[in-house]
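Novice: Kindly produce the complete structure, drawing on both the sequences and the hints.
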Amino acid sequence: MHIVTDINLKPNFAQADKQDEDAGALTFAKYWYQYNWALLHLFNQMPNFNNCSITMETHEDVMFISNIDYNETKIDLFQVKERSKSGNITSNVICRGSKDKPAIISKIIKNITKERLVKRLNSIALVSSTDYSFKLKNEDDKISSYHSVNFNHLSDEVKNEIKKAVLRDLDISEIPNFLYFIRGMQTTSKDESTLLIIGIIAKYIDSIDPNSSSKPKLIYDAITTELLKIGCSTLKYNNWDDFVKNKTITKKQIEKIIQRRTTREGFTDFESVWIKITNEMSNDANYAKLPIKSKSKMKKKVREYYGLKMTQTNLMFDSFSEKVNELFELSSKEDLYEIIIDIKSNLLKDEKYSDIFNEELLEPAILLEISENI
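Counting from 1, one number per residue, gives the positions in the sequence shown under UniProt numbering.
No wet-lab data here; the hints were simulated from the structure.
Treat the hints with care, as some may be off.
Between beta-carbon pairs, the in silico distance windows are [as the list claims (entries may be wrong)]:
{"id": "1", "residue 1": "E280", "residue 2": "G307", "range": "16 to 24 Å"}
{"id": "2", "residue 1": "K256", "residue 2": "D284", "range": "23 to 31 Å"}
{"id": "3", "residue 1": "K289", "residue 2": "K74", "range": "52 to 60 Å"}
{"id": "4", "residue 1": "K333", "residue 2": "Q186", "range": "56 to 64 Å"}
{"id": "5", "residue 1": "E280", "residue 2": "E359", "range": "20 to 28 Å"}
{"id": "6", "residue 1": "S272", "residue 2": "K142", "range": "53 to 61 Å"}
{"id": "7", "residue 1": "K352", "residue 2": "Q45", "range": "30 to 38 Å"}
{"id": "8", "residue 1": "D206", "residue 2": "K276", "range": "21 to 29 Å"}
Below, simulated DSBU-like cross-link-like pairs (lysine-lysine); rule was C-alpha separation at most 35 Å, straight line [said to hold, decoys possible]:
{"id": "9", "residue 1": "K135", "residue 2": "K114"}
{"id": "10", "residue 1": "K309", "residue 2": "K323"}
{"id": "11", "residue 1": "K276", "residue 2": "K163"}
{"id": "12", "residue 1": "K323", "residue 2": "K299"}
{"id": "13", "residue 1": "K236", "residue 2": "K293"}
{"id": "14", "residue 1": "K164", "residue 2": "K81"}
{"id": "15", "residue 1": "K252", "residue 2": "K190"}
{"id": "16", "residue 1": "K301", "residue 2": "K276"}
{"id": "17", "residue 1": "K252", "residue 2": "K300"}
{"id": "18", "residue 1": "K81", "residue 2": "K163"}
{"id": "19", "residue 1": "K349", "residue 2": "K301"}
Glycine is no exception: its CB is placed at the ideal position from the N, C-alpha and C atoms.
Specialist: Right, dumping it as structure tokens:
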């Protein structure tokens with residue numbers, strides 16, 4: 001595992017006690033249930049937390065960060081189990097283990113021994129795709145009636161079994177009152193769970209912009225591409241800001257992914273977008289005098305870029321859009337043509353973009369990005 005350090009800044013408590021689990025991370029791409037549950041939780045929480053993010057570590061660990069601001073953040077840790085072939089979870093299942101091979105419950109509780117992390121913990125939880133078979137304190141209650149159950153709501157018998165397992169494995173005698181048991185998505189088919197998340201994304205988009213037109217499946221693919229990259233990363237960051245930037249996906253990132261794959265009211269197809277672009281071009285002397293064949297060629301290239309942008313899951317297009325708008329703000333030029341040439345000359349110096357966009361496509365791509373943000 002490679003450790004990324006920065007001599008300056010805020011210590012990254014989220015990975016302070018991260019062990020070398022590279023082999024697990026590199027096989028992480030098969031855990032589709034965990035990825036989809038992480039997205040389900042994030043989209044459910046985004047209306048309540050404006051600055052939240054989520055990350056995934058090796059195997060089944062999902063971390064929800066309530067606020068990426070270092071001074072404000074609280075963390076919820078989830079161990080997510082897909083158990084469709086194993087039946088319901090009993091107290092025996094989560095307590096079975098030893099010092100050498102700790103029980104499921106002990107692995108979850110171990111997080112409270114991480115000195116820097118425990119100060120930020122809001123909750124720790126086990127998430128299961130199957131039901132729990134635990135008795136509750138109130139004998140008339142059925143655990144199947146609840147989405148989540150706190151440790152204190154369990155029967156004394158179950159609580160004592162958990163305490164014994166944790167004492168045996170970790171020499172810890174107290175169980176935190178922020179331990180929860182959560183019922184996850186009841187579907188265990190990758191296709192079904194994917195459709196569930198796509199539906200949630202569509203509902204979220206409708207809640208923030210009911211008049212927009214979007215492709216939720218494309219947005220889902222773009223988000224999971226980024227989440228896969230995060231889940232498979234074996235890097236450990238000592239700096240909090242580096243960790244947030246490279247190892248989490250934030251609400252703001254997701255909203256940008258949505259925005260760039262959504263058309264605004266009145267611009268539902270390329271022809272509508274092109275009308276806006278030609279209006280901008282007509283106000284610029286250099287573009288206004290373009291011969292008709294040159295305008296036709298420009299339109300074809302803008303259409304080519306528009307098609308790529310609206311159908312690709314690669315976040316390079318998001319990065320390109322951000323860079324163009326950054327250079328637009330920095331440019332000292334006033335006319336549209338001169339601004340575009342100024343931005344183009346800067347981008348050609350950057351291999352990150354010059355290797356992807358040939359010079360012929362670069363100008364039309366910049367033109368489209370600028371027109372969308374004027």
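Novice: Tell me the numbers of any earlier hints that the structure contravenes, in ascending order.
Specialist: 11, 13
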